[in-house]
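Undergrad: These are the residues of each chain, in order.
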Amino acid sequence: MPRPQRSPITFTIDGRDVVAPEGTMLADAAKVGDVEIPVFCYEPKLGAPVGACRMCLVEVEGIPKLQTACSTPVKDGMVVNTTAPKVKAAQESVLEFLLVNHPLDCPVCDKGGECPLQDISYGWGRGLSRVAEPKRHFTKPLELSPLIAIDRERCILCYRCVRFSQEVAEDHQLVFLERGADTYVGTFDSHPYVAPFSGNIIELCPVGALTSRPYRFRARPWDIEGGGTVCTLCPGQCNVTHTVRDERVLRTLSRENDAVDDGWLCDKGRFSYQAATAPERLQQPLVRDADGNLQPASWDDALDRAASILRASGERTAAIAGGRTLNEEGYLLQRLLRDQLSSPHLESRIAPGPSRELLAALHAPALQATVPDLEFAHHVLLLDIEPQEAAPILELRLRKGARRLGTKLSVAGPRPSALDPRAQHVLRYAPGGNEGFLKALAAALEGGDVSGPAAAAGIDAAAVSGLADTLKAAGEDRVILYSDALLSGPGADESARALLRIAAALSLSGEDGAGSGGAGLLGIPATTNGRGLREAGVLPDAGPGLRAVAHPGRDLPGIAEGLAGSELDALIALGVDPIADLQGRAAWRQALGASHLIAVSSFLTEGVAGYAAVVFPQEAPAEQEGTLTHPDGRVQRARPAVRRPDGIRSGWWVLAQLAARLGDRTTLHTAGMAFAELTAEVPFLAGLTLDEIGGKGVRWPTLAEAATWPKGTTDLEPQTDATVVPPANGALRLARQSSPWRIPEVAASKALRFLVPSADARLAPADAERLGITEGSPVALSVDGTEISATARLDSRIPAGTVVAQAGVPGGGADELGGAAAGGIGLVEVRSA
Amino acid sequence: MTASATPHLLLDGIDEPGLNTLPVYARRGGYEVMKDALRRPQDGIVEELKQSGLRGRGGAGFPLGMKASFIPAGDIDKYLVCNADESEPGTFKDREIMQKCPHRLIEGMIIAAYTVGANKAFIFIRGEYMHQADVLEAAVEEAKAAGYLGNDILGSGFNLDLWVHRGAGAYICGEETGLLDSLEGKRGNPRLKPPFPANQGLYQGPTLINNVETLSTIPVILGMGGEEYAKLGVERSSGTKLISVSGHVQRPGNYEIELGMKARDIIEGLAGGTTPGHRVKFWFPGGSSSPVLLEDDLDLTYDFDTMAKAGSMLGSGAIIVCDDTTSPVDVALKLATFYRHESCGKCTPCREGTNWTLRMLERVEAGLATPMDLDRIESVQNQIMGNCLCVLGDAMAMPVSSLVKKFRGEFEEHLEKKRASEDFMLGFDPAAGGHVDTPIRVVA
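So the protein lines, in turn, are chains L and V. Quick note on the numbering used here: the first sequence kicks off at 18 and runs consecutively. Quick note on the numbering used here: the second sequence kicks off at 5 and runs consecutively.
Chain V extracted, bound-state conformation (with noise of 0.2 Å):
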C-alpha cells in the first residue's frame, strides 16, 4: 500500500480557507449526514458504528459503537462528552480538525447525542488550545444560529446544548473520569472505575465520551455507511486514522492513514524520514507514553493489533521519530520531568514512582548512579505498571522502562563518560527535593 492510495475522509480538503465556517462546510455537504440521521431509529446508528469497527482515536482504542451500546435508554439526563484536551507530547492532530473544520465535530456530536438520547453536550478543551477554542465558539454560534443545535432541532423534537469548556491546563484532564471532575467544577482527579462513565459519568448521569477525532469520524461513518468504512483498514483496525508525526522527521505534520500501512511507510514516505546522514534511531509509535520502538520494528503494519504485540501500542497515533543524534537518557529525563510535574498525585504508586524515578534519573544524568541503579529504575517501573488507579503512571513507566531496557548499554555509557567528565557533580545539589512550604502558623 501506497500513501498515495489512503483515502481522505477527515483532511478531505482540509485547508479550504473558509472551511471553519458553516457555509463552506455546508456548501461541501456538511451537515447532510446529520439531517438525515436526526430521521433514523437510534438503533440502526449504534448498529452501523458497531459494522464500521472504529475504533476509539483518544488512545485506549476502544470500539465506538460498543461504547454507545452501554449507555442506558431511558428518561433520564445523560451527556455526551468530547474530549479535547488533547496533550499528549507528539499529539496535535484534535487541533488541526478543531482549528480547520469544527463543524464536523459539532455534526459528529449531535449524531451521537441522538444517538445516546444526551440532552447536553461538552467539549473540553485544552486550556492552551485558546484559538481552537475561538474558532469552536464561533462554529457553535453558527450551529445554533442555523438551527442545528437548542431546542427541537430542525423539527426533530431532538433538544441538545453545546458549551465549549476550556481546560485549566493539566494533563490529566485527558483522562476521561478526570475531565469529568474538572468539568464537575472539582479538581482533576481520575475516579475509581467502575462504574464506568457510561453508568455514572458527569454528574452521576451516563455519559458517551468521545475524542475529537472520533466524534468527527461519525458523520463520515453515516455518509459512507458503516460496512463501507469498515473495509478500509484491516481487521480490528477498521478506517483511516490520523497521525501526528514529529522529531526527527523532514515533513512533520499530520497525516490521514488507511490503518494497517506499513510504518516505514508513514515515517519514511509520507514524513520524509529523517535528515539524510541520518538513521531512525527509535520511535514512539503512539504518543509520549508508549514503550519505544526501534529501527527494525519499522517495517511493522501500523495497526493497533500489530502495535500491542511489539510491546508498543498505537495510542492517540502520534509518531514521535528520534534519530542516532538522540540520547535515550535525555529522552527518559524529559519523560520522567513531564509525567512528575502532571502527576495528580491521588494513587500512590504514580505519585511517588514518577517522582523517585525522576530524582532517580537526575542523578543518572549527573552520572551519580551505578548500574544499581538502572536496576532500580527498571524495577521501580514495574512496580508503578498495573497498580496505579488510571494510566498515567504507567505512560512513565512503559517508555521510560523500554529506554532503559533497550538502551541500557547507552545508560551505562553515560554513566563512565559523565563520571570522566570536568563538570562531574558541578551544579547538582543533592538537597534538591521537592520543597513546598505554606505556613499556617509554626506550633510553638
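So that you can see chain L by itself, here it is in the shape it has in the complex (with noise of 0.2 Å):
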C-alpha cells in the first residue's frame, strides 16, 4: 500500500511562518515552529484523535469556536493563535477542571517531576486553585494486575490507557465503568489487567494514576538518568531506556522506534530487568571440582581451565552460539572455532534449517520485507507463526496495520494464533505438515497439482488453493512473516524451495534491492540475534558474511551424537543451554554427559549446573555492549546501561581471552575493536561504524555494500515429495506452543514470576471427548516411552487429530517429548491421568 505522501505547506502559528508536512495535526505540526500545545489525550500512536481532554483548544482563524489542535490537520495559509486570551482562557479552564478531583500528592506521587499535569499546570495553568468542595475519593492505590498499580484519585480520565486496551493492542479489557464525574477505568468484573503488553498504559498515562508496581517508590526523577539500548531478550528488538539509579536497572521505558517497535514494548522486555539483580543470577567464573562440584574460582583459573579443555579437545569441539549473543561474539567464537581449534561444528539454530545456498536465497536483500512493511502491506500471509511468542512487538504492529489501514492478514500453521479473528484465512494443516503445505502453495500459485502436497500436509487442498486466489488478487505489497520452525526438520531444504517458489510465483523480490517495494520475506529466527548470528558465520554450513566454508560441520543433532559418542569431546555454549533451550532433551542429556562443557550463563539451568565443567557468567541483557541484528537487516547497538557487576566480563572478552590462550595473536581491546574486525570481515557490512548505527540502526539491506550478499540458490525445484503426515490412527499429533515467558529471565524476576508457563496441553473438544479428557484434568503424553504430564485445555480452534503441548515449562513439558517428536513430526499418545 502506498505510504502517506504529505507535501509541505506553510501556516501561520502566533505571528510566525511554519512549513509542515499537509494535514499533519495541529498539535503536532505546531512543534516544528517551536510552539508547544499542551495535551492529554492526544497521542498518535493511539490512532484517530478523541479530542476528549480539550486542553489544545486554540484559535484558527476564520472559525469562531475555538478548535482542539489535536484533531485539526493544518492546510495551507491557515493562521492559528494559541496564546490569544480566549485560547489562554480555555487552557485555564481545562486545567482547573482536571484539577477538581485531582488529589495534588506530587511529592508522594512516583510520576512527579516526569509528570505531564504538573509540567503543563506550571506552564499553562492560573496557579490558583478555587474548589472549595471536597474531592472524590477511591480507594488506593488499587493492584490493576500484578504489575500495576492504580490510583483512581490521581485519575484524569484521559482515555489513553482504555484506548491502548481496545485499539491497540486489542485485548479489549480496560474499559471506563460508570459516568460522567462517577466514571474511572477498570475491568470488567474487576479480573486483573494481565496482558502481553499492559506495561505500556503505564508510560502512556500522563499522571500518575497507573504506575509500575515494581518501580514504585524506588526512585525520583531527579535520582535516575537513562541509558538507551536494544532489549535483547527476543527477534523483535525493541529500543528501550533503561532507567538506571546506582548502577543499578530500576524501569525499562521504551525508546521509540518507528521501524523497530513503534513505541510500545511487551511485558517481558519492560519488567524482565529484575533478573539481573536476582539472586540466582552468576556473578563469578565456575568450575567443576574433582568431587563434581561447582566450585567459585577466579577468572585465570576458569579461563585456564576452559583453554586446556579446548586444547585437548581440538577440532573435536563444537559451539553453540544463544540467543543474545551479540555479533562480535558470534564472529569471535566462529573464530575461535575455525581458526585456533579447526573445527567447522557451530550452530546458532535451535533446530537444524536451510542450507547456505538456500538462506542466502532466503535472505537476498531484493527480497526482505521490513517491519513497517507489514502494516503498509496489501496482504500479510504469517507462516507457522504466532508473533506472540516469536516477537511480540510485531503483532501490534499486525493489529495496526489491519484496524487503521484495512491491512489484510491471513495465517497458516499447525496451531492457532491470536490472530485469527482478523484474518482474511486461517488454514490450519497437521504438526509437520509444513513441506506438504508449502509445496501445496507453491503449486497453487504456480497452477500444479495441489493435492498431493496438500494430503501430505493433512489440509484441505481448496482451502490452499484459496488462499492461493486471494495472495494473487492482493495489491501488489504481499509480506509473508514466518518463523525459523517453517523451515526447520529434516525437510528444511525442501521447505526453504517451496517458499523461494512461493515468493517467486507473488513477485516478492523489490527491483531495487532494498525490499523498499513493500514487499518481501520476513523471517523471525527463534532466537534474538538469529540473523545477526547467521551473517557473521554461526553455521555449520557458512563463514562470516555466509560465505562457503570447505568442510562443513555437523548439524545439531550430528553435534549431540558426535559428543555423545567419541567423535566430538567438548562443547562451548555461548548463552544457550542445550538441554533447556533445543530439542531434543533426552539426546542432549547423553551427549553433555559424555563429554565436556563450557557454559557461558546467567543462572544455572539444568545443562549448566548438571554437566558443565567451566561456567562463565553471562553479562545482563543491560549490560551488554555490542551489534545485533535486526531479522529485517537492522543492524542495532547495544549499549551497557548499567555497569558489569564486579565478578562479569564481556562475551567477546571471553571469547578472546579463550583465543589469546589458544594462540591467537591478535589482540582485542574493547567491543568497538572486535566489531571493526567483524566489519572487515564480512563485505556487505564493509565500512559500517558504529557511528553510523547510532541510536536507530541501519539497515544493512539498503546499503550499497549490499550487492555483495552471496547468491543464492536458483534451483528451486522441488527434489523430493513432500513427507506425508502420518495419519494419527488414534494418537494425536504434537505441536509445540512456546510460550513468549519461558526465558529464565522471566522466572529470575519477581514481577513477572506469576507468568511462568504452566504445562498446559490444548486439544480439540472432539479428541477429549473420545480419549475422556476433560478441561482442567491431569493428562498424560507420551512418545516413544518418554512420558509428560499436563493439564488438559478444550480448544475448538485446535484441529481434531492435534495436541499442542506447552514448551518451556519448570520441568520440561514438551521439550521433554524426544523421538521423532523432536523433529516435529510425530504422535503422542495422549491419555487421562
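The set of hints was computed from the structure by calculation and includes no laboratory data. Be aware that one or more of the hints could be misleading.
[Stated by the list, open to error] Facing chain L, a subset of chain V residues (Cβ under 10 Å, in silico):
{"hint": "1", "residue": "Met134"}
{"hint": "2", "residue": "Ile176"}
{"hint": "3", "residue": "Asn193"}
{"hint": "4", "residue": "Cys348"}
{"hint": "5", "residue": "Arg367"}
{"hint": "6", "residue": "Ile388"}
{"hint": "7", "residue": "Lys422"}
{"hint": "8", "residue": "Arg423"}
Note that the coordinates shown come from a computational prediction; the quantities given were computed from them, not determined experimentally. Glycine included, C-beta positions come from ideal geometry on N, C-alpha and C.
Put the two chains together into one complex; each comes in its own frame, and the hints tell you how they fit.
TA: Okay, here's the thing in C-alpha cells:
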C-alpha cells in the first residue's frame, strides 16, 4: 500500500510562518514552529484523536469556536493563535477542571517530576485553586494487575489506557465504568488486567494514576539516568531506555523507533530487568572440582581450565551460540572454532535449518520486507508463526495495519494464533506438515498439483487454492512473515525451496534491492540475534558474510550424536543451555554427560548446573555492548546502561581470552575493535561504523555494500515428494507451543514470575471426548516411552487429531518428548492421568 | 395570528382510535405519498425538502434538505437513523407521534432512506418509552407485511430493512454520535466531529440521522409540496412545529403551531396560562437546556431566529413555564443534578464542570455559600460553554448561567435567608463527594 506522501505547506502560528507536512495535526505541526500546544488525551500512536481532554483548544482564524489542535489538520495558509485571551482562558479552564478532583499529592507520587499534568499545570495553569468542594475519593492504590497499580483519584480520565487496550493491543480488557464525574477506569468484573502488552499503559498515563508496581517508590526523577539500548530478549529487538539509579536498572521504558517497535514494549521486555539483580544470577566463574561440584573460581583459573579442555579437544570441539549472543561474540566464537581449533561444528539455530545457498536466497536484500512493511502491506501471510511468541511487538504492528489501514492478514500453521480473528484466511495443517503445505501453496500459485502435497500436510486442497487466489488478487505489496520453525527439521531445504517459489510466484523481490517496494519475506529467527549470528558465520556450512566453507560441520543432532559418541569431546555453549533451549532433551543429556561443557550463562539451568566443567557468568541485557541484527537486516547497537557487576566480564572478552590462550596473536581491547574485525570480514557490512548505526540502527540491505551478499541458489525445483504427515490412528500429532514467558529472565524476575507458563496440553473437544478427557483434568502425553504430565485445555480452535503442548515449562513439558516428535512430526499418546 | 388559524398537519386526527394501525392510517391516505415518492428521482425529493425550508426538529435546527444532500452518492452501505431518544426534560412530542401515528414516521423513513440510498434504517428509541417501542414494533411488522419494508418495495427495486432499537437509558444517547456509538454496541459517548455522520456515521458509513418529528414531516411536505409547506411559518422558520408545553400552565400538552406565533399566544392562549393569581416568572423556550426568558419576553414571536436573538433557543420546542412561586435556586439545582448525572464523562469541561457546579449549587442551597460563590458559578459556566466535545455541557451551563444572571438578587436573598434559618447546616455533609469504589485488591 502506498505510504502517505505529504507535501509541505505553510501555515502561521502565533505570528510565525511554519512549514509542515500537509494534513499533520496542528498539535504536532506546531512543534515545527517551536510552539507547544499542551495535550493529555492526544497520542498519535493510539490512532485517531478523540478530542476528549479539551486541553489543546486553539483559535483558528475564520472559525468562530475554538478548535482542538489534536484533531485539526493543518492546511496551507491556516492562521492559528495559541496565545489569544480566549485560548488562554480555555486552557486555564480545562486545567482547573482537571484539578477539581486531582489529589495534588505530587510529593508522594511516582510520577512527580516527570508528569505531564504537573508540567502543563505549571506552564498553562492559573496557579490558584478555586475549589472549595470535597474531592472524590477511591480506595487506593489498587492492584490493576500484579504489575500495575492504579490510583483512581489521580486519574484525569484521558482515555489513553482504555484506548490502548481496545484499539492497539485489542485485548479489550480496560473499560470506563460508570459515567460522568463517577467514571473510572477498570476491567469488567474487576479481574486483573493481565495481557502481554499491559505495561505500555504505565508509560501512556499522563498522570500518576497508573504506576509500575516493581518501580513504585524506588526512585524520583532526579535520582535517575536513562540508558538507551536494545532489548535482547527476543528477535523483536525493541529499542529501550533503562532507568538507572546507582548502577541498577529500576525500570525499562520504550525508546520509540518507528522502524522497529513503534514505541511499544511487551511486558517481558519491560519488566524482566529484575533478573539482572536476582539472587540466582551467576556473578562469578565456576569450575567443577574433582568431586563433581561447581566451585567459584578466579577468572584466570576458569579461563585456563577452559583453554586446557579446548586444547585437548581441538577439532573435536563444537560450539552453539544462544540468542543473546551479539554479532561480535558470534564472529569471535566462529573464529575461535575455525581458526584456533580447526573445528567446523558451529550452530546458532535451535534446530537444523536450510542450507547456506538457500539461506542466501531467502535473505537476499531484494527479498527482504521490513517491519513497517507489515503495516502498509496489502496482504500479510503468516506462516507457522505466532507473533506473540516469536516477537511480540510485531503483533501490535500487524494489528495496527489491519485496524487502521485495512491490511489483510492470512494465517497458516498447525496451531491457532491470537491473530486468527483478524485473518481473512485461517489455514490449519497438521503438525509437521510445513513442507507439504508450502509445496501445495507453491503449486497452487504456479498452477501445479495441489492435492498431493496438501494431502501430505493434512489440509484441504481447496483451502490452499483459496488462499492462493486471494494472494494473487491482493495488491502487489505482499509480505510473508514466517518463523524459523517453518523451515526446520529434516524437510528444511525442501520447505525453503517451496517458500522461494512462492515468493517468486508472488514477485516479492523488490527491484531496488532494498525491499522498500513494500513486498518481501520477513523471517523471524527463533532467537534474538539469530540473523546476526548467521551473518557472522555461526553456521555449520557458512563463514562470516555467509560465505561458503571448505568443510561443513555437523548440524545439531549431529553435534549431540558426536558428543554422545567419541567423535566430539567438548562443547562451548554461549548463552544457551542445550537441554533447556534445544529440542531432544534426552539426546542432549546423553551428549553432555559424555563430554566437556564450557558454558556462558546467567543462571544455573539444568544443563549448566548438571554438566558444565566451566561456567562463565553472562552479562545481563542492560550490560551488553556490541551490535545485533534485527530480522529485517537492521544492525542495532546494544549499549551498556549499567556497569557490569565486578565478577562479570563481557562475552567478547571471554572469547578473546580463550583465543589468546590457544595461540591467537591478535589482541582485542574493546567491543568496538571486535566490531571493526567483524565488518572487515563481512563484505556487506564493510565500512559500517558504530557512529553510523547510532541510536536507530542501519538496515544493511539498503547500503551499497548489500550488492556483495552471496548469491543464493536458483534451483528451486522440488527434489522429493512432500513428507507425508502420518495418520493419527487414534494417537494425536504433537505441536509445540513456546510461550513468550519461557525464558529464564522471566522466572528470575520477581514481578513476572507469575507468568511462567504451566504445562498445558490443548486439544480439540472432539478428541477430548473420545479420550475421556475433561477441561482442567490431568493428562499424560507419551512418545517412545517418554512421558510428561500436563493439564488438559479444551480448545475448539485446534483441529481434531492435534495436541498442542506447552514447551519451556518448569520440568520440561513438551521439550521432554524426544524421538520423532522432536523434529516436529510425531505422534503422541494422550491419556487421562 | 391566532391559535385557531394553525393548520394541523402532524396532529391532524391524531386521536382517532386505531390510527396506530395500518388500516386506519391507510384509510386516511397513509403511505400514498411514499408510493408516489418511490417513483420519483431522488434529487427531486431532496430539492423539494430544501424548498420546504424544514429545519431539524430535534433541537439543533439544521435544515433537513441540506443534510440529506450531504450524503454522498454511490454504491456504499448507507444508513438512516431515527433519533427517538427523546430525553430532554420537558420534551414529549415525539412520544405522541410514535404512540399515536407510528406509520407516518415509518413512511417518512422509507422516503428518507430512498432519497439518500440507505438500505438499513434504525429507530433508536429511548429505553423508557416501552409502550411506544411496542407500538412501533407492531407498526413495523404491519409495514413489512404490507410490503412497504423489505426487498423490492412495491416493485420499485428499493430495499429497506428497519429495526427498532431500544436505548438503555442515557440522555447522552440523544446526541447523534453518542447514539450511533450506542447503536454499534459501544459505550454511548459522543464522537469528535468532523467527520460528521453524513460522511462517517453508523459503522463508518454515510448516515442520515434525524429526529422523529422531522422524519414524520417528510410525508406531509411531499404531500402538499415543498413550496406550499414553506409558505407556512416565517422566513427561516418554515412550517408547523409540535410544542410540548409543561410547567405552571393550566393546559399542559402537545400543540402544533405555525412557527412565528407569539409566545404569549402559546402559553396563555393554547396552554391556558398560569393559574389565576400567578404570573409567569421565567420560561424555557426550548427544553431544559435553553437559557430562560422572562415574562417580558412573552411577546416575542416563537421561531428559531427570534429565540436565538433573545439569547435563548427554540431547541426541541419544549416550553417549560415557571410561575412566581418557583425558586430559581431550586431549578438551577435540579438542572445541575440532571446534567451531572447524564454527563458521559468523556470530555473534561462537561464531566468536571457539571459535577463542580452541582457541588457549588448544593452549597448555595444549603446557605453555605457567599455571593462570591455565585460569581464562581457563573464563571465556571462560562468555562464550560463552547469548550466541550458535544453540547451536553453547554446544555447545563446555559440555563444555569441565565438563572444566576437573571435572578442574582434572589440567589443572594436565598443565601441570607438560609443562613438565618434554624435548620442552617442541618443535614449537610461536607464530606459527601462522589464515592465510587470497586476494589480489585489493595496494593500491599
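Undergrad: Any CB of chain L closer than 10 Å to the CB of Lys422(V)?
TA: violated (17 Å)
Undergrad: Any CB of chain L closer than 10 Å to the CB of Met134(V)?
TA: Cβ of Met134(V) sits 22 Å from chain L, so the hint is violated.
Undergrad: If you take the shortest Cβ to Cβ gap from Arg367(V) to chain L, is it below 10 Å?
TA: holds (7 Å)
Undergrad: Would you check whether Ile388(V) satisfies its interface hint, that is, whether its CB is within less than 10 Å of any CB in chain L?
TA: For Ile388(V), the interface hint holds, since the closest Cβ of chain L sits about 8 Å away, which is under 10 Å.
Undergrad: Measuring from the C-beta of Arg423(V) to each C-beta in chain L, is the shortest one below 10 Å?
TA: violated (16 Å)
Undergrad: Can we keep the Asn193(V) interface hint, with Cβ of chain L closer than 10 Å?
TA: holds (8 Å)
Undergrad: Do the numbers back the hint for Cys348(V), that is, is its least Cβ distance to chain L under 10 Å?
TA: Since chain L brings a Cβ to about 5 Å from Cys348(V), closer than 10 Å, the hint holds.
Undergrad: Hint check: is the beta carbon of Ile176(V) less than 10 Å from a beta carbon of chain L?
TA: With a minimum Cβ separation of about 8 Å from chain L (threshold 10 Å), the hint on Ile176(V) holds.
Hints 1, 7 and 8 from the earlier list are contradicted by this structure; the remaining hints agree with it.
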